[in-house]
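Number of protein chains: 2
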Amino acid sequence: MTSTTSKADESGSEGVTRLVAQNEADNPSSKKIVFGADQALALDAGEELGPWQIAYETYGTLNAERTNAVLVCHALTGDQYVASQNPITGKPGWWSHMVGPGRPVDTDKYFVICANVLGGCLGTTGPASANPATGKPWGLDLPVVTIRDMVRSQARLIDHLGIDTLFAVIGGSMGGMQVLQWAASYPERVFSALPIAAAARHSSQNIAFHEVGRQAVMADPNWAGGAYHEKGLRPSKGLAVARMAAHITYLSDAALHRKFGRNLQDREAISFGFDADFQIESYLRHQGMTFVDRFDPNSYLYVTRAMDYFDLAADYGGSLARAFLHSPTRFFVMSFTSDWLFPTVESKVVVKALNAAAANVSFVEVESDRGHDAFLLDEPEMFRTIRGFLTGAANARGIPAPGGGL
Amino acid sequence: MTSTTSKADESGSEGVTRLVAQNEADNPSSKKIVFGADQALALDAGEELGPWQIAYETYGTLNAERTNAVLVCHALTGDQYVASQNPITGKPGWWSHMVGPGRPVDTDKYFVICANVLGGCLGTTGPASANPATGKPWGLDLPVVTIRDMVRSQARLIDHLGIDTLFAVIGGSMGGMQVLQWAASYPERVFSALPIAAAARHSSQNIAFHEVGRQAVMADPNWAGGAYHEKGLRPSKGLAVARMAAHITYLSDAALHRKFGRNLQDREAISFGFDADFQIESYLRHQGMTFVDRFDPNSYLYVTRAMDYFDLAADYGGSLARAFLHSPTRFFVMSFTSDWLFPTVESKVVVKALNAAAANVSFVEVESDRGHDAFLLDEPEMFRTIRGFLTGAANARGIPAPGGGL
Numbered sequence: 015m016t017s018t019t020s021k022a023d024e025s026g027s028e029g030v031t032r033l034v035a036q037n038e039a040d041n042p043s044s045k046k047i048v049f050g051a052d053q054a055l056a057l058d059a060g061e062e063l064g065p066w067q068i069a070y071e072t073y074g075t076l077n078a079e080r081t082n083a084v085l086v087c088h089a090l091t092g093d094q095y096v097a098s099q100n101p102i103t104g105k106p107g108w109w110s111h112m113v114g115p116g117r118p119v120d121t122d123k124y125f126v127i128c129a130n131v132l133g134g135c136l137g138t139t140g141p142a143s144a145n146p147a148t149g150k151p152w153g154l155d156l157p158v159v160t161i162r163d164m165v166r167s168q169a170r171l172i173d174h175l176g177i178d179t180l181f182a183v184i185g186g187s188m189g190g191m192q193v194l195q196w197a198a199s200y201p202e203r204v205f206s207a208l209p210i211a212a213a214a215r216h217s218s219q220n221i222a223f224h225e226v227g228r229q230a231v232m233a234d235p236n237w238a239g240g241a242y243h244e245k246g247l248r249p250s251k252g253l254a255v256a257r258m259a260a261h262i263t264y265l266s267d268a269a270l271h272r273k274f275g276r277n278l279q280d281r282e283a284i285s286f287g288f289d290a291d292f293q294i295e296s297y298l299r300h301q302g303m304t305f306v307d308r309f310d311p312n313s314y315l316y317v318t319r320a321m322d323y324f325d326l327a328a329d330y331g332g333s334l335a336r337a338f339l340h341s342p343t344r345f346f347v348m349s350f351t352s353d354w355l356f357p358t359v360e361s362k363v364v365v366k367a368l369n370a371a372a373a374n375v376s377f378v379e380v381e382s383d384r385g386h387d388a389f390l391l392d393e394p395e396m397f398r399t400i401r402g403f404l405t406g407a408a409n410a411r412g413i414p415a416p417g418g419g420l
Numbered sequence: 015m016t017s018t019t020s021k022a023d024e025s026g027s028e029g030v031t032r033l034v035a036q037n038e039a040d041n042p043s044s045k046k047i048v049f050g051a052d053q054a055l056a057l058d059a060g061e062e063l064g065p066w067q068i069a070y071e072t073y074g075t076l077n078a079e080r081t082n083a084v085l086v087c088h089a090l091t092g093d094q095y096v097a098s099q100n101p102i103t104g105k106p107g108w109w110s111h112m113v114g115p116g117r118p119v120d121t122d123k124y125f126v127i128c129a130n131v132l133g134g135c136l137g138t139t140g141p142a143s144a145n146p147a148t149g150k151p152w153g154l155d156l157p158v159v160t161i162r163d164m165v166r167s168q169a170r171l172i173d174h175l176g177i178d179t180l181f182a183v184i185g186g187s188m189g190g191m192q193v194l195q196w197a198a199s200y201p202e203r204v205f206s207a208l209p210i211a212a213a214a215r216h217s218s219q220n221i222a223f224h225e226v227g228r229q230a231v232m233a234d235p236n237w238a239g240g241a242y243h244e245k246g247l248r249p250s251k252g253l254a255v256a257r258m259a260a261h262i263t264y265l266s267d268a269a270l271h272r273k274f275g276r277n278l279q280d281r282e283a284i285s286f287g288f289d290a291d292f293q294i295e296s297y298l299r300h301q302g303m304t305f306v307d308r309f310d311p312n313s314y315l316y317v318t319r320a321m322d323y324f325d326l327a328a329d330y331g332g333s334l335a336r337a338f339l340h341s342p343t344r345f346f347v348m349s350f351t352s353d354w355l356f357p358t359v360e361s362k363v364v365v366k367a368l369n370a371a372a373a374n375v376s377f378v379e380v381e382s383d384r385g386h387d388a389f390l391l392d393e394p395e396m397f398r399t400i401r402g403f404l405t406g407a408a409n410a411r412g413i414p415a416p417g418g419g420l
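Line order of the protein sequences matches chains V and L. The numbering used here applies: residue 15 is where the first sequence begins, and numbers increase by one. The numbering used here applies: residue 15 is where the second sequence begins, and numbers increase by one.
No lab work stands behind these hints, which were simulated from the structure alone. Any given hint could be a false lead.
Claimed, not checked - With a straight-line Cα cutoff of 30 angstroms, these simulated DSBU-like cross-link-like pairs (lysine-lysine) come out:
{"no.": "1", "chain 1": "L", "residue 1": "Lys105", "chain 2": "L", "residue 2": "Lys273"}
{"no.": "2", "chain 1": "V", "residue 1": "Lys46", "chain 2": "V", "residue 2": "Lys150"}
{"no.": "3", "chain 1": "L", "residue 1": "Lys150", "chain 2": "L", "residue 2": "Lys46"}
{"no.": "4", "chain 1": "L", "residue 1": "Lys273", "chain 2": "V", "residue 2": "Lys366"}
{"no.": "5", "chain 1": "V", "residue 1": "Lys362", "chain 2": "L", "residue 2": "Lys245"}
{"no.": "6", "chain 1": "V", "residue 1": "Lys105", "chain 2": "V", "residue 2": "Lys45"}
{"no.": "7", "chain 1": "V", "residue 1": "Lys273", "chain 2": "L", "residue 2": "Lys366"}
{"no.": "8", "chain 1": "L", "residue 1": "Lys362", "chain 2": "V", "residue 2": "Lys273"}
{"no.": "9", "chain 1": "V", "residue 1": "Lys105", "chain 2": "V", "residue 2": "Lys46"}
{"no.": "10", "chain 1": "V", "residue 1": "Lys105", "chain 2": "V", "residue 2": "Lys366"}
{"no.": "11", "chain 1": "V", "residue 1": "Lys245", "chain 2": "V", "residue 2": "Lys46"}
{"no.": "12", "chain 1": "V", "residue 1": "Lys245", "chain 2": "V", "residue 2": "Lys150"}
{"no.": "13", "chain 1": "L", "residue 1": "Lys245", "chain 2": "L", "residue 2": "Lys46"}
{"no.": "14", "chain 1": "L", "residue 1": "Lys45", "chain 2": "L", "residue 2": "Lys150"}
{"no.": "15", "chain 1": "V", "residue 1": "Lys245", "chain 2": "L", "residue 2": "Lys245"}
Said to hold, decoys possible - Incomplete in silico selection of chain L near chain V, CB under 7 angstroms:
{"no.": "16", "residue": "Ala59"}
{"no.": "17", "residue": "Ala222"}
{"no.": "18", "residue": "Phe292"}
Said to hold, decoys possible - Using C-beta positions, here's what the derived DEER-type ranges look like:
{"no.": "19", "chain 1": "L", "residue 1": "Gly29", "chain 2": "V", "residue 2": "His174", "range": "57 to 67 angstroms"}
{"no.": "20", "chain 1": "L", "residue 1": "Asp178", "chain 2": "V", "residue 2": "Arg281", "range": "52 to 62 angstroms"}
{"no.": "21", "chain 1": "V", "residue 1": "Ala241", "chain 2": "L", "residue 2": "Thr304", "range": "24 to 34 angstroms"}
{"no.": "22", "chain 1": "L", "residue 1": "Thr75", "chain 2": "V", "residue 2": "Glu379", "range": "36 to 46 angstroms"}
{"no.": "23", "chain 1": "L", "residue 1": "Ala54", "chain 2": "V", "residue 2": "Thr351", "range": "46 to 56 angstroms"}
{"no.": "24", "chain 1": "V", "residue 1": "Ala238", "chain 2": "L", "residue 2": "His174", "range": "48 to 58 angstroms"}
{"no.": "25", "chain 1": "V", "residue 1": "Ser110", "chain 2": "L", "residue 2": "Ala56", "range": "29 to 39 angstroms"}
{"no.": "26", "chain 1": "L", "residue 1": "Thr304", "chain 2": "V", "residue 2": "Ala283", "range": "31 to 41 angstroms"}
Note that beta-carbon positions come from the ideal geometry of N, C-alpha and C, so glycine has one too.
With the hints as extra help, turn the sequences into a complete structure.
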């Protein structure tokens with residue numbers, strides 16, 4: 015495991031945090047592999063990307079048979095620090111309830127790999143990374159990437175690690191899209207697949223919300239046509255608005271009502287003004303402000319675009335079932351009752367296609383009022399059912415439990 | 015009825031449209047009443063507003079008994095041109111399916127009044143109006159107004175027109191909030207009240223969406239702290255982003271899927287770029303762009319704030335039923351199944367309070383997949399039930415049908 019020393023105090027100046035973030039784009043605190051120009055990545059956009067690099071983190075130990083590797087795929091603004099401290103924010107891993115010793119994805123038993131996505135900004139090649147041709151950040155010169163490109167890059171990492179078949183590929187939201195793409199692109203390399211709070215295609219409404227976010231970033235004059243790095247600018251206000259709008263979609267009406275209601279923030283009465291009178295306003299502003307220090311605005315454009323472009327059935331003549339035909343993979347599909355960004359109906363579309371393809375599939379809908387974010391939170395039913403599914407799959411795969419024995 | 019000649023070609027240059035819009039703020043194409051400093055309006059913010067003016071439109075004829083007046087209250091970005099051409103956009107009245115000769119709100123039978131709201135930008139005093147003290151636009155010097163202030167201003171208009179009791183007050187969304195406020199503030203002056211797709215308080219999630227919109231406007235450097243008028247600027251990009259985000263909330267996932275799905279805009283394949291590849295993106299951008307020419311950015315802040323502040327029960331010791339105690343008004347509450355901005359549960363809260371107050375109430379939930387916008391669209395069940403309710407109420411009130419007889 016990589017050092018978990020925080021490079022920036024969480025409450026430190028935003029300048030420092032941002033400097034750290036900028037440095038992480040090329041020189042991540044995590045492990046990384048650099049692929050040369052002779053090992054270029056062929057992208058869906060029709061271009062070759064090389065040299066390029068992938069940043070990743072690992073937890074646990076790969077067994078001698080190389081059968082216990084679990085790939086965790088992260089969501090839109092996630093990173094490789096799934097179970098260890100984030101070097102920019104100093105916060106614990108984003109899924110440390112799920113991944114770690116004794117956790118459902120038990121690092122005493124499995125070898126866990128998590129890589130920053132292509133197009134991201136935490137060490138895998140993205141628009142904030144240095145373009146080898148110029149030495150300056152790629153910006154919008156980087157070809158637009160897709161979920162399939164992300165998965166291709168991860169497959170190169172898995173090759174490099176000498177792993178033939180992953181025991182499991184697991185992820186929520188955009189991570190779940192990658193899981194589905196993995197199962198479709200490399201069925202023989204995926205023993206089990208766990209797409210959580212995800213969908214096989216991005217809906218019209220979700221594209222709409224992403225478009226609002228992108229327009230907010232691009233409307234900021236400091237975005238400068240994507241060339242803010244070289245001009246010493248930062249479209250922080252635009253990115254903050256984008257994050258605020260997106261953040262609402264991660265929650266639920268019920269959760270917001272329970273958490274904030276119409277409570278006022280540090281005041282007894284409304285101010286008859288445009289300050290943050292309500293707690294929900296103050297909370298959203300905070301979400302926006304903290305986000306801009308850790309995430310590259312152009313990366314936000316690229317990664318949202320990758321999600322928008324995702325439509326797995328379209329790659330298989332419009333038939334999602336065809337994407338999974340003769341699949342040897344065991345699937346575990348999960349949704350949450352109050353998730354309106356990736357509602358249960360989207361997961362059921364996947365389950366139906368898997369059934370039509372005669373694949374092995376389990377489906378769990380978790381009762382929760384926490385919206386899409388539920389997959390990142392402490393949801394006992396999620397942990398219990400994922401642990402159960404993985405234990406069954408591990409038995410079938412012959413992976414011994416910690417301390418020996420099956 | 016006022017002349018319906020369009021002052022700007024709908025496809026005309028945005029400069030011209032904007033000039034017309036700016037002029038309408040002080041010199042509306044509709045009727046208007048100017049109240050002097052001696053007729054100031056007492057605002058919830060604790061300040062007196064005067065001189066001030068209210069712009070309104072009327073349709074039909076007030077009967078000799080003055081019993082057939084219907085007040086229509088408009089929504090966030092609506093105006094007084096409920097059933098006649100909008101002078102800025104050249105488009106037909108925003109509710110011309112509902113209001114007009116032979117329509118459910120029949121102008122052959124009723125005398126219909128619709129006023130621009132306080133804080134608006136179509137002729138009633140708002141931040142774009144000239145501040146009498148300076149001759150320049152009020153901007154943020156205008157006190158923040160509330161839904162109750164809007165209703166107070168309308169009551170002054172009704173006084174001026176010599177109408178004691180309104181036969182009906184009707185409106186959707188923010189218009190419905192005004193309807194509820196009318197019934198609470200002036201029960202003896204409201205024979206029947208029809209709040210449609212509304213709520214007795216703005217929810218946490220709705221405040222959140224409004225806050226995103228306001229932040230988008232205020233993040234635009236051209237907003238200039240609200241002083242864009244005098245600086246010859248216009249925060250168009252910020253306001254367009256605000257409108258785009260809001261517009262998503264007016265529709266429904268199902269409607270977007272049916273209308274746009276993942277269809278591409280004027281192209282055969284995705285472009286691997288950030289142009290509007292998808293129809294939904296193109297549609298949203300269009301919504302944003304056309305909005306900025308007709309609406310004042312500061313007005314957007316004021317009117318969204320008024321909605322956020324609305325919490326009728328809070329004015330009655332936390333008991334919504336108390337707001338309607340001993341009410342002589344006949345209520346007709348309507349919601350739409352796919353409306354997630356003002357979901358049915360919010361209407362049911364109102365109905366429950368009315369029942370607890372032993373008020374006379376009918377409730378209809380209309381089956382529609384068109385989301386919140388349904389109340390503005392061609393929804394036969396809405397028209398049929400509202401026509402039926404109004405006819406019954408008119409009979410009870412002794413308003414003759416067109417052509418004589420009850």
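Consistency of the hints with the structure:
1. Proposed proximity of L/Lys105 and L/Lys273 is supported: the alpha carbons are some 22 angstroms apart, at most 30 angstroms.
2. Among the hinted pairs, V/Lys46 with V/Lys150 is consistent with the structure: their alpha-carbon atoms are about 20 angstroms apart, no more than 30 angstroms.
3. Distance hint between L/Lys150 and L/Lys46 is fulfilled; the C-alpha atoms sit about 20 angstroms from each other, no more than 30 angstroms.
4. A threshold of 30 angstroms between alpha carbons decides the hint, and for L/Lys273 with V/Lys366 the separation of about 24 angstroms falls inside it, so the pair holds.
5. Taking the CA atoms of V/Lys362 and L/Lys245, the gap is about 54 angstroms. The hint is violated against a cut of 30 angstroms.
6. Using a Cα cut-off of 30 angstroms, the hinted pair V/Lys105 and V/Lys45 holds, with the two alpha carbons roughly 19 angstroms apart.
7. Annotation: proposed proximity of V/Lys273 to L/Lys366 holds, straight-line Cα distance about 24 angstroms (limit 30 angstroms).
8. With a C-alpha separation of about 22 angstroms, the suggested pair L/Lys362 and V/Lys273 falls inside the 30 angstroms cut-off, and the hint holds.
9. A C-alpha spacing of about 21 angstroms is found between V/Lys105 and V/Lys46, which places the hinted pair at or below 30 angstroms, so the restraint holds.
10. The hinted pair formed by V/Lys105 and V/Lys366 fails the criterion: a straight-line CA distance of about 38 angstroms is larger than 30 angstroms.
11. Between the alpha carbons of V/Lys245 and V/Lys46 the distance comes to roughly 28 angstroms, so the proposed pair stays at or under 30 angstroms and holds.
12. Note on V/Lys245 and V/Lys150: the hinted pairing holds, with a Cα-Cα distance of about 11 angstroms set against a maximum of 30 angstroms.
13. Proposed proximity of L/Lys245 and L/Lys46 is supported: the alpha carbons are some 28 angstroms apart, at most 30 angstroms.
14. At most 30 angstroms may separate the alpha-carbon atoms for a hinted pair to count; L/Lys45 and L/Lys150 meet this at roughly 22 angstroms.
15. Proximity of V/Lys245 to L/Lys245 is assessed by CA-CA distance (about 26 angstroms); at most 30 angstroms being required, the pair is judged to hold.
16. Taking 7 angstroms as the C-beta cut-off, the interface hint given for L/Ala59 holds, the closest approach to chain V being about 4 angstroms.
17. Using the Cβ-Cβ criterion of 7 angstroms, the hint placing L/Ala222 at the interface with chain V is satisfied: the shortest such distance is roughly 5 angstroms.
18. A hinted interface residue such as L/Phe292 counts as satisfied when its beta carbon comes closer than 7 angstroms to some beta carbon of chain V; here the least separation is about 5 angstroms, so the hint holds.
19. Distance hint for L/Gly29 and V/His174: a CB-CB separation of about 58 angstroms, consistent with the stated range 57 to 67 angstroms.
20. Here the CB-CB span from L/Asp178 to V/Arg281 is close to 40 angstroms, at odds with the stated 52 to 62 angstroms.
21. A hinted range of 24 to 34 angstroms for the beta carbons of V/Ala241 and L/Thr304 is consistent with their spacing of about 30 angstroms.
22. Between L/Thr75 and V/Glu379, the C-beta spacing of about 58 angstroms breaks the proposed range 36 to 46 angstroms.
23. Between L/Ala54 and V/Thr351, the C-beta spacing of about 52 angstroms keeps the proposed range 46 to 56 angstroms intact.
24. Between V/Ala238 and L/His174 the Cβ separation comes to about 53 angstroms, which falls inside the hinted range of 48 to 58 angstroms.
25. At about 56 angstroms, the beta-carbon gap between V/Ser110 and L/Ala56 misses the expected band of 29 to 39 angstroms.
26. With their beta carbons about 38 angstroms apart, L/Thr304 and V/Ala283 fall inside the hinted range of 31 to 41 angstroms.
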